[in-house]
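Chemist: Fit the two chains together into the complex; they arrive one by one in their own frames, and the hints show the way.
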Amino acid sequence: MKDKPYEILEHTADIRIRIKGKDLADLFQNAGLALFEISSRRQYVKDKKHVNLNLRVEAQTQDELLVNWLNELIFQAATKGLIFHNLKISKLTQSSLEAKATGSSSENYKILTEIKAATYHELKLEQVKEGWQAEVILDV
Amino acid sequence: MSELWEGPLEKIDDFRWRIPRSYKPGMRVPGIIYADEKLLKDIRHDRAAEQVANVAFLPGIVNASLAMPDIHWGYGFPIGGVAATDIAAGGVISPGGVGFDINCGVRLLRTNFQFEEIKDKLKELVYALFSDIPSGVGSKGEIKVSVKEEEQILVKGSKWAVEKGYGTQDDLECTEEFGAIQGADPDAVSQRAYDRGKAQSGTLGSGNHFLEVQAIDQLYDRDLCDAFGLMRVR
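Going line by line, the protein sequences match chains A and B. Residues in the first sequence are numbered from 1 upward in steps of one, following my numbering. Residues in the second sequence are numbered from 1001 upward in steps of one, following my numbering.
The shape of chain B in the complex, shown without the other chains (with noise of 0.2 angstroms):
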């Protein structure tokens, strides 16, 4: 293990704790990391705690650069690093702080099977997704489509998907911003862009994009549970 991070970890409560601004010339807000003890001991280990305070210097930055439970090393922004930034007060958008990944996303299917009828199944079940939907690097989609689509992807979102039949109304319900977030611009994106992405239409995608079976063994939201249709395993 490399060496210990040494700087400034200042108690604010049980659960968040304050990197000052006088530990850097240059931060512009402190940083705050939201951790228990326990935690806190493992956050030292790596050079994270580091990043909150470099993520505090960003032109703009609103009140703090924040660090979730979750945090460890990442590059530029710590992995569950948070901040926001005030363009009107100069401030940037940073892809490092969405790790580069931008609009990776996480959907949630819901089937009608109980845990019950299938739990003998598993296995089969796992390798009949792993055959059918593709997945990793190099994987190629079912779904082909020229440039001039590819941009209509781009601005449209789900609701393509919806208009060519591979989904319908009721996804883009389920969806956050129902599938789309408005205003894209398909021109500012480069061409090299393009060329990297386009063979990754209609697959889960690669590096760390994956997809689970989950049983529910607790609620903790009734009403939203209900909205999903979500059940415990009885």
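The following block holds chain A by itself, in its conformation from the complex (with noise of 0.2 angstroms):
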């Protein structure tokens, strides 16, 4: 099995964690995947319909666009009551980008713990040998 692209690090009382993608971005990706499988874990099929949602997302910033992105797949999913379980980047500059989010019902999943933001504090984004890395405080 292929290792996970993120991993969660110590903090006392929110969750951090560190994702990894050959490019920027699969490492987005990476990130708004691994928000829905720390929070969730598929269970019941109540709902097989599958939604797509197209997002468009900006910042004035990198590091800020990583939050944003975040965040609007945070909103979409509490206020949709969805669960993502694919996205797709298709485009990506310096302040916005694109992108294609698959999900079906938060009735199919058993709810782990609830992320109610990304935020800022010790955000890192960062070129590495392998390709990209980032770190992300949830708040939860």
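Be careful, since some hints might not be right.
When the alpha-carbon atoms are kept at most 20 angstroms apart in a straight line, the in silico EDC-like pairs for lysine to aspartate or glutamate are as follows [as the list claims (entries may be wrong)]:
#, chain 1, residue 1, chain 2, residue 2
1, B, K1024, A, E122
2, B, K1198, A, E114
3, A, K116, A, E130
4, A, K116, A, E135
5, B, K1041, A, E107
6, B, K1198, A, E107
7, B, K1144, B, D1132
Hints were generated in silico from the structure; no laboratory data involved.
Modeler: Pasting the structure below:
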């Protein structure tokens, strides 16, 4: 089995994750999926319907774009009652991205914890030998 | 465990420790942590003390960046952090200072039961509360309201619930600020915030919001307890 593209690091009260990606788009996708892998587990089949959303996110900087992207996913999931299982970034620049998010009803999942927001606190986004790496603290 | 925080903590007395302004350039006031020596050892185990120093940078901060004995690692502010800012001196209001869960509150509801009467039925009691009171992620309340109504809830607070018959005048009397802090401006709240919050009306909320059943084993303030009609377990 392939290694998970993210790991959970130590933090007293919230969740700190380190995410890897072979390029920036890969990292953004992995970070987004990590949100839902950490907070839910697929358990039932109550509603088979898949929902596709086209999302567009903007920011002043690349760091901010990562946080805004994660918060957009959290917002869409919370208000539409969805859990996303597939994310495809189709366009990515320094200050904006376009993506397709595919999910299904949160009723198909056991909810393990609620992630309220991605934060800027001790946010890291950097290029490393193997590609890109980021650290984000999630407010739970 | 991560590395220890090695910053300076000057002893003021047995329960107060100061992080001097000289610790970091930019600190406008010192940091003061309320803790005994035993707690202090734990506090050094994460980055909370560093956050006390960081809060001291806030524009308009008054006197000191404080931390209560429950201090632990948050983001921005430490959890247990307290700071006052003077608006006239360029002070800011920091959502981080209230952990972003602004208006997260606590209510105490007294039952007419004695512990003896229900101690064998606690399991049933907890199940009944859990099934009747919507709580947790994705829970939806019985109360469905329109956007206009949502704005009324924001302005009137608990009074809205009493008007709808979900509570009594006595409930307001027993609530801080009578259940609504004056001067709320519903237009200052973004559409996104309304969208995110609207399913939660009439629920306990999600995340770390909870309900617990307690018995009283000790009274600290007799007059206050009399006012609330609270008695010790017999």
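Chemist: Check the structure against each numbered hint from earlier and tell me which ones fail, lowest number first.
Modeler: Of the numbered hints given earlier, those the structure breaks are 3, 5, listed in rising order.
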